[in-house]
Amino acid sequence: MAWSVTVIVGSVACVGDDAPRVLPGSDRAAAAVAKQMARGPFHAAARGGDVEAMRYALASGARSVGLLDADTHTDFDIALIGSGGCGELGDTLPATLAETRGAALVFEVLAAEITGEALRVTRDLGRGAREVLRVTPPAVLVMSGDAPRGGYVSRHRLRSINLSLMPPPLALSDEAAPTDWEHVRPRTRTTDLAARTGGPATARMQNVFGITESIAAPAESSNLITADAATCARHLLRYLAHHGFITRKMEPVTDAPEPAAQSTTNLATTPTRAASGLSLTHRLARSPRPVDQPVTGITRRPRPASTSAQLPAASHNRLRGPRPVGVASPPRLRGPFPFPNP
Amino acid sequence: MRSLGDPNVTREIFGNVPAALQYAFYFTATLACGWAVLIFLRRGMTWRSATGDARAHDPRRTRLQKLFSVVGYLTFHRELRRDPFAGTAHMLMFHGFFILFIGTCLVAAEEYGSKLTGLHPLFFYGRFYLISSLVIDLGGVAFLVGTGMFIQRRLSAGPTRILRAWWVAALSLLLAAIGLSGFLLEGARIARDMPGYEKWSVVGYGVAVAMRGAGLSGEATLPWHRALWATHAAFCVVFFALLPWGSFSHAVYGAASWANRTLRAPGRLRTPVIGQASPGAAAWSDMGWTDLLQADACTTCGRCNAVCPAAAADKPLRPREVVLGLRAAMDAQSPGMAMPGLSALIPDDVIWSCTTCGACNTACPVGIEVFDKIVELRRGRVEEGRVPEAAERVFDSTASRFNPFGKPNSDRMLWATGLDAPVAGENEPVEFLYWVGCAGSFDPDGQGVAQSMVKILNHLGVPYRVLGKRERCTGDPVRRMGEEGMFQELARGNINQLKSHGVRRVLVHCPHCFNTFKNEYPLFGGTFEVEHHSVFLQRMIGEGRLKLTRGNGSSVTFHDPCYLGRINGEVAPPRAVLHALPQLRVVEMPRSGKDSFCCGAGGGSMWLDVKGAQRVESIRAKEAAETGAATVATGCPFCKGMIKAGQQSLASGAVKQDVKDLAELIVDAEGL
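Residue numbers (the numbering used here), protein chains in the order written: chain D, 16 to 357; chain W, 680 to 1351.
Simulated from the structure, these hints should not be mistaken for lab results.
Each hint can be trusted.
Have a look at the derived ranges for each label pair, beta carbon to beta carbon: (1) W:Gly1248 to D:Val147: 54 to 60 Å; (2) D:Pro163 to W:Asn1175: 33 to 39 Å; (3) W:Asp1027 to D:Cys247: 47 to 53 Å; (4) D:Asp90 to W:Gly1172: 36 to 42 Å; (5) W:Gly1181 to D:Ser19: 55 to 61 Å; (6) D:Pro163 to W:Lys1226: 55 to 61 Å; (7) W:Gln1327 to D:Glu128: 40 to 46 Å.
Stretch-level coverage of chain W by chain D, calculated; a stretch enters the list once three of its residues show a Cβ under 8 Å from a Cβ in chain D: (8) 1059-1065; (9) 1156-1166.
With the Cβ distance kept under 10 Å, some of the chain W side facing chain D (calculated, not the full set): (10) Ile953; (11) Gly959; (12) Ala1070; (13) Glu1071; (14) Asp1075; (15) Ala1078; (16) Arg1080; (17) Asn1088.
Only a predicted model underlies this, so the values are computations on that prediction, with no experimental measurement involved.
Glycine is no exception: its CB is placed at the ideal position from the N, C-alpha and C atoms.
Could you build the full structure based on these sequences and the hints that come with them?
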């Protein structure tokens, strides 16, 4: 089956004076996978004025390149996006594309290939773990920075691109202009990372290498459930309340039973708004613990925001933002906590 | 009496050979020669189908210069005699064959000349006949001795050097058979009457005496003579027919290859015009016609394999096999041949093993540009997007950070912390620039060299500047790794930068930067007086501005960097600097000067690591250790780092040597 493949690429500015713009590895991987999937020319999109990205897309085999517009880019079966393509929009762009097109959305993609009527997608779960999914197009695949880059595109090929194939360059937005600071693009990992970080270190290490049966591969499928929107919302609110992001009063109390877990097959195909129910791609292995309940059975757990008295007063976001030259850096937030943990 | 002596002192031509046999010989010989010419012409057509231009910016020779070049080459065998045994064998074989060929021509001229003029004998008699007989016999002896030496070498040498193929051995035996049958034929002719003057045919007469001893004399020799004549003629006809194939063809292709060899500086790679055609060769037809000619000219002598550092480390590369792979790719185009394409014949790991040290080019007796072909193949693979991950990292680092080490360009001056290294201001006029290079800026071994050079320059009071953060990679690594487009961008950027400062003289301590400034930038309009620091230091010592007074009575051996010694010929200056250091004993490694052995870093191998049974740097470090010198001196930051790395693999009992650059030796000795 011939799929319509679109790749969305973007360049990022390197640090330094008159430094060139380069494509991140994930964008290169996206272009390489697109070429392989389309088995020929494919369509590309980039932000206006991002000549480097446009050149790269055309040099890597794109038939045409258009200006990126998330609202109108719905004419695709498979969209491949790199971190440069997401740009300052971050994960909003793929999410919007998936929402608009009613497509499956998969993050941290390491590899993807067409197998019959569907895609075989390998995701990076972090810490060396992989997950192989069967995804039915339409799909939006956000490439991982660790994905193999595929073929190299030489400078000669980049410079040989016929500029007339490119859309009229528009000015880059201020956010994308070269700067001494890289933009922080928080990435929400939609994996069961929280579950994986629980338990003793030995168990986690064994988990990474798939040694223990209890939390190895079979556990992957058990983490995946389907539920209706109300259940999902309830879980979300409980989670947010547990971590102190919302007040407990906002958490709805219900005793509705949780639906049974289903097979993992094709679960990565995110249901659309028109679908009857939503699918969660993961479930937390540990259920949230009310604040007033004692800790049982685990030695490490998520740290509620209210217990951060030992940390500096500065907010997390402030600490991670750009810091002007000459201003002393605040104490590090990351790193080992003193024992016992807060 | 005739002017040349007694006309009876001659021999009958085609005596005892029936006319039918003569006609058969002429017919088959004509067919064989015609066939050979046809094959040569067809091969020439194949070369003409090449689309690349290997001589795009090269100086040209006139046809007369080419002719003189070949005559001198064949007469003196200078290039061939670099391998004394093989050179001597080839010289004996070639000159012997040439004498036999001239002798045959004389006989033919006598036969047909006498028929045309009615004079018999025409000139082949008397003293001329006697001297000719002697010379032709000696030529035959030389030919046979040379052939025997080659056969003996084939039996004794290892497979890396000698191509172990049955057809190569068969061709050697055919040559021997031609020579031996010729002497037997001459012996049978003389044995019939045993005329005394035939003693001048020293070998033939000896064979005749032996035949007589075996009971062959008078008319009894006639059937033997006829059979030997037919055998000798058959061998010759087979030789004519096989001339376009195998190692015989090098007689024609080798001379043509030598005549058309490049006059380009050894350190200058071919420079395609970016934008006109895709650089590099993805197929054999993307090469230049001289590349294809050279592929056919390969004599399979294996000298390139013998000097190749990658082959010595048992990496996949064998330079000869690259050339033969190109030839095989050409053959694959012939009808009925089912052979894989160039990519399969010359796999990726073969071409990425090359250190571009240039030893193969220097060793090749017929002027084949082996490593230029490898770079062309690399360019082709880069255009196809087939590059090793390490190479891609180097390309990315060079494109985004302007150095192959992947360090931020803003850190370029960290090496000069605490030193007074004057950085040129923007557009400040700079007459004398010290080009630090990427290794000098980022590599710890190179930083030591740069620091020492700054101390020396400050000590000398030379007005100089460094470019600091405005310095970028010269592009040498990426060019030799096949990224021609990136090199040309860097070259133009650097040249514009230097021109904006009005730079006239450039001092470098890295031979790769030196080579790029000296040989490659001029083609892009960047002509500067470039000086390697060994030459600069020698000059300063010679002018008395740098006085070396202290020594420690130590010993040192010098490792010649390929891009300084072999490729740019700067062998004497580093040694002059070492000899100027008091009480320092200089000992040489077995492979030194222009025949030095690579450290393993060139051609991007500093970052690429194609596995072999050994490591190139370990081989060189072992050679250095065997000299017993306390210090290994060098003139290249890459060599310094590689030899230090190679020392890690030495046996625990090996001599622990310091590895230092010339500048560091001076700074240490003088306490600057």
